[in-house]
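First to last, the protein sequences are chains A and B. Those letters in the first sequence? Residues 1 to 393, by the UniProt record's numbering. Those letters in the second sequence? Residues 1 to 253, by the UniProt record's numbering.
Please note that the accuracy of each hint is not assured.
[Unchecked claim] Label pairs and their computed distance ranges (CB to CB):
1) A:N72 x B:K75: 29 to 39 angstroms
2) B:S198 x A:T292: 41 to 51 angstroms
3) B:T132 x A:D6: 11 to 21 angstroms
4) B:T132 x A:Q13: 12 to 22 angstroms
5) A:H84 x B:T132: 44 to 54 angstroms
6) A:E251 x B:I165: 40 to 50 angstroms
7) B:G241 x A:M153: 47 to 57 angstroms
8) B:E38 x A:K152: 50 to 60 angstroms
9) A:A142 x B:G184: 28 to 38 angstroms
10) A:Q39 x B:K82: 20 to 30 angstroms
11) B:K218 x A:A149: 43 to 53 angstroms
[As the list claims (entries may be wrong)] Residues of chain A clear of chain B, computed beta-carbon distances all greater than 10 angstroms:
12) G16
13) Y18
14) E21
15) Q32
16) F43
17) K44
18) G129
19) E131
20) K169
21) W216
22) G223
23) E279
24) E344
25) G347
Treat the hints as calculated values from the structure; they're not laboratory data. Where is the CB? At the ideal position from N, CA and C, for every residue including glycine.
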Amino acid sequence: MSYFVDEKGYYGQFGGAYIPEMLYPNVEELRQNYLKIMQEDSFKKEFDELLKEYVGRPTPLYFAKRLSEKYNTKIYLKREDLCHTGAHKVNNTIGQILMAKRLGKNRIIAETGAGQHGVATATVCALMGIECIVYMGEIDIARQAPNVARMKMLGATVVPALSGSRTLKDATNEAIRDWINNPVDTHYIIGSVVGPHPYPDMVARFQSVISEEIKWQLNKKEGNENPDYVIACVGGGSNAAGAFYHYLDEESVKLIAVEAAGLGVDSGESAATSVLGNEGIIHGSKTLLMQTQDGQITEPYSISAGLDYPGVGPLHAHLCESKRAEFVSVTDDEAMQAGLELCELEGIIPAIESSHALAIFKKKAFKENDVIVLNLSGRGDKDLDTYIKYFKL
Amino acid sequence: MNRINQKLQEDKKLLSIYFTAGFPQLNDTFTIIEKLEESGVDMIEIGLPFSDPLADGPTIQESSTTALNNGMTTKVLFEQLKDIRKTVSIPLIIMGYFNPMMQYGIEEFCKKCAEIGIDGLIIPDLPVKEYTDNYKAIFEKYGLINVFLITPQTSDERIRFVDDISDGFIYMVSSASVTGSQSGFGNTQEEYFQRIASMKLKAPQIIGFGISNAETFKQATSKAKGAIIGSAFVKHLSNKGVGSINEFIKEIC
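Just chain A, with the same shape it has in the complex:
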């Protein structure tokens, strides 16, 4: 079985490009060119250089000694939290801005939920001197004020999405509508492994630098490039796609995707798509998504804005259905406690998204000699308000 995208843009039964005809020329142009461009020497050189000099890659693969002792196993943290802008998101935006330039686009649009992808997009647009418009749900704008300010400082225009539930899914709808209205000069930088083909594949490839580095880093430390487990949190799933990518065909490496259960899977306030979702179409992709019986997309909930998405990328839907990856859901409370624990044991304040992945150690027992790589996708600076409120700091 293949876990990579096929020539029609599908991962098993999931994926495809369910887009209105108005978007066909844009998406088709990208589909025909993305692999060719990514394979150009000049592209690779520019991408690698920016990742090194600007983003600060390679990010460390850090052996978390005290965390390992506590859970009596061997835990490495892939430190994506040390990337410029504070999360893995920038790996993708660097790749896509270079792609946009080569496609001759001079206007960038993006969607954002918590604002991390918006900031990462605004950053690379500033770097390249390209106009940047970020769509963000009106409700998210109110609850993520620091990131809105960051985007503005970086020169981006932040446009509130006023439709529907006024959060990430609606911001994505607005970005897609903008693209319909501006089909010639605009490139849409999607922030996760979601959307119509070729986006899920393109974003996964840009993020695959994470597992590429894990391989040689782990080989240096353990004499083996393959761990027993790779663990990552999944909203849309871009950091997990990057951490899993070069291990997809290594069946001896077990993959664990951690979803946000919110207040609990059965509480009605959850974002655990693998449990609560079923096959449908969201943002141009056939995948697992949370919806009513009548096919209306429902509003998810998680304390972590980055995991608060009603769908999951088609790659992950395939990994879930094929059981290549184990999907585990973690509640707000479990994640917050795990985040605090990492602060206390390792002196690292994680993003609440990443805290979900960290909560796995309370839910699942690992063997003493297991080698585990956990992708620490982002840092917690942006979440201080939430931590302060939750722990009454």
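Based on these hints, arrange chain B on the given structure of chain A.
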């Protein structure tokens, strides 16, 4: 013969009207359809509301949200339409996004449409290729016409392909935009209308997006077989209610 194709043979410019089912009130569907036919409309697009209508501007988005809040579902719509053919004879098309249809079950959905007397479907987010590969046989089994869209950005080659596989008409999107965002047509549109007219396609074209009054209807139909009014009609319903449908239509043609 399918009612759509019969209608297309008439020697006149066709006016098609879109409305969102379940808006302004849940049970307005039947009344709106009857009044539209009485007013002389040639064809009706019944909008099946969706939570995330990607190709629609604010007017149709808001009407969809209201309709869903009113309790509109696929089942409710089919129930409302079950006796529609006792009184209404013009072509009826359901326009909606693919996900609610998938959840209902595509074959079941098509079967139900055929039972009711629906003549065709417009599904903006079902790509041509997916349709021909996976769903064409089902649609044809139930005698349903699937209407395809072309836009100013669609290449000539692709237009020829769409024309080739089209039954009924081609839905010609007037400009690069979501619904309800244009006010009047400029030179760009005129050139596009002319370009398509000169391609001498086998399927007649009906123009949608940006038609809101007598003037834009006349411009659109100078080269095409007909035109579709959506957002402007929904706005009218929202302001004036179902009582004044006749008044709106009379002003167009």
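How the hints compare with the structure:
The hint said 29 to 39 angstroms for the Cβ distance between N72 of chain A and K75 of chain B, and at roughly 54 angstroms that hint is violated. Against the hinted window of 41 to 51 angstroms, the Cβ-Cβ separation of S198 of chain B and T292 of chain A comes to about 46 angstroms, which satisfies the hint. Range check, T132 of chain B to D6 of chain A: about 18 angstroms between beta-carbon atoms, so the 11 to 21 angstroms window is met. A hinted range of 12 to 22 angstroms for the beta carbons of T132 of chain B and Q13 of chain A is consistent with their spacing of about 18 angstroms.
For H84 of chain A and T132 of chain B, the Cβ-Cβ distance of about 46 angstroms falls inside the hinted range of 44 to 54 angstroms, so the restraint holds. Taking the beta carbon of each, E251 of chain A and I165 of chain B are about 43 angstroms apart, inside 40 to 50 angstroms as hinted. Taken as a hint, the range 47 to 57 angstroms holds for the pair G241 of chain B and M153 of chain A, whose Cβ atoms sit roughly 48 angstroms apart. Checked against the given bound of 50 to 60 angstroms, the beta carbons of E38 of chain B and K152 of chain A, roughly 54 angstroms apart, stay inside it.
Distance hint check for A142 of chain A and G184 of chain B: the Cβ-Cβ separation is about 37 angstroms, which falls inside the suggested range of 28 to 38 angstroms. One distance hint, 20 to 30 angstroms for the beta-carbon pair Q39 of chain A and K82 of chain B, is violated here, with the actual separation near 57 angstroms. Between K218 of chain B and A149 of chain A the Cβ separation comes to about 50 angstroms, which falls inside the hinted range of 43 to 53 angstroms. Listed as outside the interface, G16 of chain A is inconsistent with that label: its C-beta sits roughly 7 angstroms from the nearest C-beta of chain B, within the 10 angstroms cut-off.
Residue-level check failed: Y18 of chain A sits 5 angstroms from the nearest beta carbon of chain B, not beyond 10 angstroms. Its closest Cβ contact with chain B, about 4 angstroms, brings E21 of chain A to no more than 10 angstroms, contrary to its assignment away from the interface. The claim that Q32 of chain A lies off the interface holds: its Cβ sits roughly 12 angstroms from the closest Cβ of chain B, which is beyond the 10 angstroms cut-off. Every CB of chain B is more than 10 angstroms from the CB of F43 of chain A (nearest about 26 angstroms), matching its label as outside the interface.
Every CB of chain B is more than 10 angstroms from the CB of K44 of chain A (nearest about 31 angstroms), matching its label as outside the interface. With a closest Cβ-Cβ approach of about 25 angstroms to chain B, G129 of chain A is found to remain outside the 10 angstroms limit, as its non-interface label requires. For E131 of chain A, the requirement that its beta carbon stay farther than 10 angstroms from each beta carbon of chain B is met, with the minimum near 18 angstroms. Under the 10 angstroms C-beta cut-off, the non-interface status given to K169 of chain A relative to chain B is violated; the minimum distance is some 7 angstroms.
With a minimum CB-CB distance of about 41 angstroms to chain B, W216 of chain A clears the 10 angstroms threshold, and the non-interface call stands. With a cut of 10 angstroms on Cβ distances, G223 of chain A stays outside the contact zone with chain B, its closest approach being about 48 angstroms. For E279 of chain A, the condition that its CB be more than 10 angstroms from all CB atoms of chain B is violated, with the nearest at approximately 8 angstroms. Every C-beta of chain B lies more than 10 angstroms from that of E344 of chain A, the closest at about 42 angstroms, which supports listing it as non-interface.
Listed as outside the interface, G347 of chain A is consistent with that label: its C-beta sits roughly 42 angstroms from the nearest C-beta of chain B, beyond the 10 angstroms cut-off.
Hint compliance for this structure: hints 1, 10, 12, 13, 14, 20, 23 are broken, all remaining hints hold.
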